[in-house]
Amino acid sequence: MHLTGLDLLFWAAGLGAHFILFSVLLIRRRFMVFPIFTAFVISNIGRTIALVLVELYGTKASYFYTYWSLAILDTALQLAVVYEMYSLTFRPLGSWARDLRGALAWLVIVSIVVAAGLTWLATPHARLWMQVVVIKGTFFSSACMSELFVGMIVLAVKAGLPWRTHVARISQGLGVYSLIDVLIEAGHSYLGVSRNTQTYTMLSHFRMSAYLVCVAYWIVMLWRDEPRPRKLSKNFRGQLIHLQTMVDSDLERVRARRRS
Amino acid sequence: MNKGSVWFLIAVAVFVMALIVIAVYHFRRAQKSSQKDWRQLLTRLTIVNRSSIAEVALDIIDESGERRKDEGSAALEPSEIWKLVGGLKGLEMLEANCAVLIDLAFYVQQWYPEALAVAEQLRLSAKEIEWHVERLKGAQKTGKLESAFPMYAQPAVAAYYLMTRRVLALYEGGNLAMLADLREAL
Chain H
0 MHLTGLDLLF
10 WAAGLGAHFI
20 LFSVLLIRRR
30 FMVFPIFTAF
40 VISNIGRTIA
50 LVLVELYGTK
60 ASYFYTYWSL
70 AILDTALQLA
80 VVYEMYSLTF
90 RPLGSWARDL
100 RGALAWLVIV
110 SIVVAAGLTW
120 LATPHARLWM
130 QVVVIKGTFF
140 SSACMSELFV
150 GMIVLAVKAG
160 LPWRTHVARI
170 SQGLGVYSLI
180 DVLIEAGHSY
190 LGVSRNTQTY
200 TMLSHFRMSA
210 YLVCVAYWIV
220 MLWRDEPRPR
230 KLSKNFRGQL
240 IHLQTMVDSD
250 LERVRARRRS
Chain Y
0 MNKGSVWFLI
10 AVAVFVMALI
20 VIAVYHFRRA
30 QKSSQKDWRQ
40 LLTRLTIVNR
50 SSIAEVALDI
60 IDESGERRKD
70 EGSAALEPSE
80 IWKLVGGLKG
90 LEMLEANCAV
100 LIDLAFYVQQ
110 WYPEALAVAE
120 QLRLSAKEIE
130 WHVERLKGAQ
140 KTGKLESAFP
150 MYAQPAVAAY
160 YLMTRRVLAL
170 YEGGNLAMLA
180 DLREAL
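Going down the list, the protein sequences come from chains H and Y. If you count by numbering that gives the first Met the number 0, then the first sequence holds residues 0 to 259, one letter each, in order. If you count by numbering that gives the first Met the number 0, then the second sequence holds residues 0 to 185, one letter each, in order.
Calculated from the structure, these hints are not laboratory results. Treat the numbers as computed from the prediction; the structure is a model and nothing was measured. For each residue, glycine too, the CB sits at the ideal point set by N, CA and C. One should not assume that every hint holds.
As the list claims (entries may be wrong) - Calculated cross-link-like contacts (lysine to aspartate or glutamate; reagent style EDC-like; alpha-carbon spacing at most 20 angstroms):
id, chain 1, residue 1, chain 2, residue 2
1, Y, LYS140, Y, GLU94
2, H, LYS157, Y, GLU129
3, Y, LYS143, Y, GLU79
4, Y, LYS126, Y, GLU94
5, H, LYS157, Y, GLU79
6, Y, LYS126, Y, GLU76
7, Y, LYS88, Y, GLU129
8, Y, LYS140, Y, GLU129
9, Y, LYS88, Y, GLU133
10, Y, LYS31, H, GLU225
11, H, LYS157, Y, GLU91
12, Y, LYS140, Y, GLU91
13, Y, LYS82, Y, GLU94
14, H, LYS157, Y, GLU94
15, Y, LYS136, Y, GLU70
16, Y, LYS143, Y, ASP102
17, H, LYS157, Y, GLU133
18, H, LYS135, H, ASP73
Stated by the list, open to error - A few chain H positions that, by computed beta-carbon distances, are all more than 10 angstroms from chain Y:
id, residue
19, GLY15
20, THR47
21, THR65
22, TYR82
23, ALA96
24, ILE108
25, GLY136
26, GLY172
27, CYS213
28, MET220
Generate the whole structure from the sequences, applying the supplied hints.
Rendered as structure tokens:
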């Protein structure tokens, strides 16, 4: 594959942006709260470097296999980031909110079914069956991701669960990017991969630009601190613990009546 | 352009539009509720007859929230409970107020993250009340509302009563300036 000046520019910008984001996660100690998101950023750095090395020193076939193997890893890590965001939002007390477990399971099922339905409708024009699998696979994953992020907003609002500032910012970034990606992957599917790959490449560049904007947003938002909580007085802390015990027993009583 | 591709593009367009509309609507709703000030929150509370609520609740529980086992407990007649609560409509008002009670707890939690546990438990209590109201709505459809009302309404009112006490205790503990207003509203 021949790399143009624009390709190299995107490569350098992506690598630089991920390095800055990783530095922010380290310096501001966000990696302790978001270990999976940090792993996702590290994998992006490793992926960019690995692909350029394979492009420069490897064969066309080795580039193809490296690219798609890493793309699968990237999708898996994106799903893991979704899990991390869900976990930080819907496990307010360390365990999954009891009233939301059913809704979460439904959300996952519906997201997969809708994304699978849309993917089934796609009929990409391609020369190789492998290209069809790749186009359909990336479309499916971006449709799923966008549904999961929108579902997360809906469930959090409906359940009255607050979003922590940084969780909200990471989710918004990835959610908006996934929505843009759905359109781009739909474009890829519609236009297909013919001998002339100019439009395909142009759409890919557009996707990379959207992703760079998303990374820039994360850099700024994760550098900023969350609003500082007020310090609890010793007295209030004690009362709060007592109050929590009382609310716990109230809840048990209400449940017991419900069962009887 | 073949027919299959056209359907695919239409489906993707509908899909993306639907997701954008849903996300923007809920995102704005979340922003509004987190930016609400104290006064706006209180205006969302529907005024209910506090003494009636207390009477129905304290018929089966004591002030500490323990279930009463004395002879005078559960003395209210079903018709009295219906009248004091205001029927299913009154119960629906309490259900709507539960959301405000959770927001009130969330309001404190913005400054004191440790209050999260209380807010979360209140949220679960509200879910229980919702469950009772749903049972009653089901009973209404089958024409058994009157007979089912005391069975579900009284525990729901007791849970609501305890929720209001807990929210007040939360504000009391935090020495928050708005306690007097809250006492008035609840």
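A quick look at each hint next to the structure:
1. This hinted pair checks out: LYS140/Y and GLU94/Y have alpha carbons roughly 19 angstroms apart, not beyond 20 angstroms.
2. This hinted pair checks out: LYS157/H and GLU129/Y have alpha carbons roughly 13 angstroms apart, not beyond 20 angstroms.
3. A C-alpha spacing of about 17 angstroms is found between LYS143/Y and GLU79/Y, which places the hinted pair at or below 20 angstroms, so the restraint holds.
4. Restraint check for LYS126/Y and GLU94/Y: satisfied, since their Cα atoms lie roughly 9 angstroms apart, inside the 20 angstroms limit.
5. The suggested pairing of LYS157/H with GLU79/Y is violated, with an alpha-carbon distance near 34 angstroms, which exceeds 20 angstroms.
6. Using a Cα cut-off of 20 angstroms, the hinted pair LYS126/Y and GLU76/Y is violated, with the two alpha carbons roughly 26 angstroms apart.
7. Using a Cα cut-off of 20 angstroms, the hinted pair LYS88/Y and GLU129/Y holds, with the two alpha carbons roughly 13 angstroms apart.
8. Between the alpha carbons of LYS140/Y and GLU129/Y the distance comes to roughly 17 angstroms, so the proposed pair stays at or under 20 angstroms and holds.
9. Restraint check for LYS88/Y and GLU133/Y: the C-alpha separation of about 12 angstroms stays at or below 20 angstroms, so the hint holds.
10. With a C-alpha separation of about 19 angstroms, the suggested pairing of LYS31/Y with GLU225/H holds against the 20 angstroms cut-off.
11. About 17 angstroms separates the Cα atoms of LYS157/H and GLU91/Y, which keeps this hinted pair within 20 angstroms; it holds.
12. A C-alpha spacing of about 16 angstroms is found between LYS140/Y and GLU91/Y, which places the hinted pair at or below 20 angstroms, so the restraint holds.
13. Restraint check for LYS82/Y and GLU94/Y: the C-alpha separation of about 17 angstroms stays at or below 20 angstroms, so the hint holds.
14. This hinted pair checks out: LYS157/H and GLU94/Y have alpha carbons roughly 14 angstroms apart, not beyond 20 angstroms.
15. Of the supplied pair hints, the one linking LYS136/Y and GLU70/Y is violated, its CA atoms being roughly 31 angstroms apart against a limit of 20 angstroms.
16. Among the hinted pairs, LYS143/Y with ASP102/Y is inconsistent with the structure: their alpha-carbon atoms are about 34 angstroms apart, more than 20 angstroms.
17. Proposed proximity of LYS157/H and GLU133/Y is supported: the alpha carbons are some 17 angstroms apart, at most 20 angstroms.
18. The straight-line distance between the Cα atoms of LYS135/H and ASP73/H is roughly 16 angstroms, inside the 20 angstroms bound, and the hint therefore holds.
19. With a least beta-carbon separation of about 30 angstroms from chain Y, GLY15/H lies farther than 10 angstroms from that chain, consistent with its non-interface assignment.
20. Listed as outside the interface, THR47/H is consistent with that label: its C-beta sits roughly 28 angstroms from the nearest C-beta of chain Y, beyond the 10 angstroms cut-off.
21. Annotated as non-interface, THR65/H keeps its C-beta farther than 10 angstroms from every C-beta of chain Y; the closest such distance is 30 angstroms.
22. The non-interface label for TYR82/H is consistent with chain Y: the shortest C-beta to C-beta separation is roughly 19 angstroms, beyond 10 angstroms.
23. Interface exclusion of ALA96/H from chain Y breaks down, the closest Cβ pair being 7 angstroms apart, not more than 10 angstroms.
24. Every Cβ of chain Y is farther than 10 angstroms from the Cβ of ILE108/H; the closest lies at roughly 17 angstroms, confirming the non-interface assignment.
25. The non-interface label for GLY136/H is consistent with chain Y: the shortest C-beta to C-beta separation is roughly 16 angstroms, beyond 10 angstroms.
26. Annotated as non-interface, GLY172/H keeps its C-beta farther than 10 angstroms from every C-beta of chain Y; the closest such distance is 13 angstroms.
27. In this structure CYS213/H is separated from chain Y by more than 10 angstroms, as the shortest Cβ-Cβ distance comes to about 15 angstroms.
28. Its beta-carbon lying about 15 angstroms from the closest one in chain Y, MET220/H satisfies the requirement of being farther than 10 angstroms from that chain.
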